Amino acid sequence: MTDTHIASAFDRDLETIQALIMKMGGLVEDAILKAATSLETRDEELAEEVRNGDRAIDELEEQINEEAARVIALRQPIAVDLRVILSVMKIASNLERIGDYAKNMAKRTTVLSQMGQIHGATASIRRMAKEVERMLKDVLDAFVQRDAGTAAEVIQRDEDVDQMYNALFREFLTFMMEDPRNITACMHLHFIAKNTERMGDHATNIAEQVIYLVTGEIPDDKRPKSDRTSTDPSVAPA
Amino acid sequence: MYDTPNTERTVTTNATKFSARNVQVYYGDTHAIKDVDVDIEDKTVTAFIGPSGCGKSTFLRCLNRMNDTIDICRVEGDIRLDDQDIYDRSVDPVQLRAKVGMVFQKPNPFPKSIYDNIAYGPRIHGLAKNKADLDEIVEKSLRRGAIWNEVKDRLHAPGTGLSGGQQQRLCIARAVATEPEVLLMDEPCSALDPIATSQVEELIDELRTNYSVIIVTHSMQQAARVSQKTAFFHLGHLVEFGETGQIFTNPKDERTESYITGRIG
Amino acid sequence: MTDATLNSGGSGKSLTARDARTKRRNASEKRFQAYGMIAIGIGFFFLVVLAFTIIRSGLPAFTKTVVDVEFTITQAEYEAAESELFKTKAYQDLFIAKLEAQLQERGLEVDFDAAAIERLLGKTGGTIREYYQGNSNRLGEPVQFELAASSRVDGYFNGRVTRDTIQDSRFLMKADLDIVDALHTAGIMKSAFNWTFLTGADSGVDNPGGAGIGASVVGSFFMMLVVLLLSLPIGVAASIYLEEFAPQNKFTDLIEVNISNLAAVPSIVFGILGLAVFIQFMHLPQSAPLVGGLVLTLMTLPTIIISTRASLKAVPPSIRDAALGVGASKMQAVFHHVLPLAMPGILTGTIIGLAQALGETAPLLLIGMVGFVARGYPDGIVAGFTDPNSAMPAQIYTWAARADVAFYEKAWGGIIVLLVFLLSMNILAIILRRRFERRW
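Protein chains in written order, with the working numbering: chain X, 1 to 238; chain V, 1 to 265; chain Z, 1 to 440.
Warning: the hint list may mix true and false statements.
[What the hints assert, rightly or not] No more than 27 Å apart at the CA atoms, straight line, and that leaves these computed lysine-lysine pairs for BS3-like: (1) X:137 / X:23; (2) X:107 / X:130; (3) Z:23 / Z:89; (4) X:137 / X:34; (5) V:129 / Z:30; (6) Z:123 / V:106; (7) V:112 / Z:190; (8) X:137 / X:90; (9) X:130 / X:194; (10) V:131 / V:106; (11) Z:330 / V:106; (12) X:130 / X:34; (13) X:23 / X:90; (14) V:99 / V:112; (15) Z:330 / V:131; (16) V:106 / V:129; (17) V:112 / Z:313; (18) Z:123 / Z:190; (19) Z:330 / V:99; (20) V:152 / V:106.
No lab work stands behind these hints, which were simulated from the structure alone. This structure is a prediction, so every number in the text was calculated from the model and none was measured.
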């Protein structure tokens, strides 16, 4: 099967949508890193940038959905072309949620910068965010390359992110039990950590869509669920 | 397909090529086309869609006065090509048809050689001064018809010896040989298989850089794929005319929506 | 939505077992096929009988009996004969003497006299004299003479006349047959191919042996030329007008109806028309192939018009549309595209029309192209059209009507020649049609 359609306009339409996804992905990756950095360095200007940048991300999602509807109406895609369009719509939706989490992180940065520092927390969060950003980058590359193998790997890496979140959860519990004045800050940080973990889950969703695109089947829900904080009462402070 | 450069996806508004006002067409006593007003743009593919018998082919044939050959057909109203009334008494239909080419539903190459098929039009209109000129015109037309590579070694083989899709591309090449400004196509792909249809559609997409193309099709999907503007005809009326993307995602008239979603015949 | 009752009748019937209905149907189809074969067989049988009869009856016309003899006439004999009063008689006697001598050499004793020789060979004296007058240098040398025998002798050789049926007449006596046998045994008298039949002109009623069809072939040829040159262009032009350009009104309908009627008019009516208009009113030469051609043109026109119209109608309208779409005018579309495609059909119709015309007799008789008129070859091309001549069918009719049985034979021979002509015309038509068809 050759890569191009006889009707080159169809290929141009698909390339356009793909370009929009990559653009959106770039903006979201950027937002993640900036949000994490602003949290660590308490840079309010950077946080403001992230908050304002979310509008562009939302607009892109809208644009992608419109384009997808247009391609369905005008090209009647089937088989792999249909899967491309369906997965693109879901990927855009997931990217938009990740962008929202990044915006949320930036919002809380403003609040947190008025409180005392929690030792090492923001560094950990930055490491988590970096890992998530790398996952996102890899999964978007896998989308462009139509590489199901890389996508499957990304799904596995979510385990690391979950572990990092478990560790942070126990740490925050410890900090909160040690000194009740830390509770407010820790609560915010906890939400940020949780959101970052959710970012990882969304990246995993995107990976699943990539596998669906390439193979035609949604992978079994064997994704690693290492976040035992909601289920295991033994996750107690160290 | 790689003979001519690819075109941009975006459609800029162009000058008006054909403008029709208050057009009525009668077949004897039957009022076939009623009150049609439309502006066809240059360098654009415009599709006419509608159920059988709605008048789209009839209206198409008005644009190059092919309806003149039918005795009982009467055309009223104003149809202008580049602001010149084509039904004016001083206009010679033969010259009009050199400017407005036509491709028909069933591929109908002349039973002559491929070379002679293309060369016939330029010959009778005196477009070539000598054989070298004619050779050049033939090659240029066959390239424009995206069929040069397939036939360049057998220009003197009969035109009827080609496959259906190739014959239709030959007919398109023949139509562009007379340097027309407009190409009318009456269901050009209905006799072709899907691959040949795709090839012809790709060719139509390439042609719009140079010509205004009007295509009548009973396949809405084809109209969606190939055109930038779409006109929906129903029972002789022009119901809706607009940009193709808008018509197929959110048409304004509910008759249009009923037709394209397959709710009426 | 299924109807359960429909299925109940079919269950239990095997596909291989034939039911009564199918058997009956198969039987009637076989019967119909048999009828068809029988019909073809009957037609074929009659065709074979016809061909056989024609060939058997006509072939004798192509042979003649000749006396092939070589003798020498010396200068002295020549001068002696020339000095006689009845010169031809002298030559005749000379000839008889030579013949006797030759027969005696071969040891055949036969008694014959001048009268017998005259009955058998005609007036040979004149022939011999003419020869030597023109070729006096051959005197004293042996010269080969081939002298034609009378048609009665021909008849004897062919088996038409036998010893039993012969009746003594001034043409042939029983005793003459002995001479014939003797000459035949001596190898002097034998059968040869009758070139005169093919190349000669009609002869008098007395001389069936000398009758030839050659002149009337030329007459037919010139006539056909006139028909072809007139009816083809006029017919095709009329068809094109009627098919492509004529408006759809009552007048056009009237024309079309009348053309179909003309095709059914008996040919003799055209003959009377030709007589009245061409000969009496326009004073064209009587019995001329030109007039014959004009009359036959009128007859052939409807056939050509009808078949041309059918061929034009058969050209698919998509070709016309394509030509118009490229910007051709109606005339250009017709002449450049429609007409070439209709050519095979037009050619077929023309050849059919011409073949019909070739075989027409009645109208030609009325304008005077009867058999005895074909007395000689025309002098030139123009004379070919205007000199009185005959056509093959008329010639055949004239021969068939004569009393002499030998002419009857010639008539059959003429039929064979006519059929050869028609066959070659048809083959030409097939070749031309194939050539035009292959060009697409």
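Now for the hints, and whether the structure bears them out:
| no. | hint | result |
| --- | --- | --- |
| 1 | X:137 / X:23 | holds (12 Å) |
| 2 | X:107 / X:130 | holds (19 Å) |
| 3 | Z:23 / Z:89 | violated (88 Å) |
| 4 | X:137 / X:34 | holds (15 Å) |
| 5 | V:129 / Z:30 | violated (67 Å) |
| 6 | Z:123 / V:106 | violated (80 Å) |
| 7 | V:112 / Z:190 | violated (61 Å) |
| 8 | X:137 / X:90 | holds (17 Å) |
| 9 | X:130 / X:194 | holds (15 Å) |
| 10 | V:131 / V:106 | violated (31 Å) |
| 11 | Z:330 / V:106 | holds (21 Å) |
| 12 | X:130 / X:34 | holds (10 Å) |
| 13 | X:23 / X:90 | holds (16 Å) |
| 14 | V:99 / V:112 | holds (23 Å) |
| 15 | Z:330 / V:131 | holds (26 Å) |
| 16 | V:106 / V:129 | violated (32 Å) |
| 17 | V:112 / Z:313 | holds (20 Å) |
| 18 | Z:123 / Z:190 | holds (19 Å) |
| 19 | Z:330 / V:99 | holds (17 Å) |
| 20 | V:152 / V:106 | holds (24 Å) |
Going down the numbered hints, you'll see the structure goes against 3, 5, 6, 7, 10 and 16, while the others check out.
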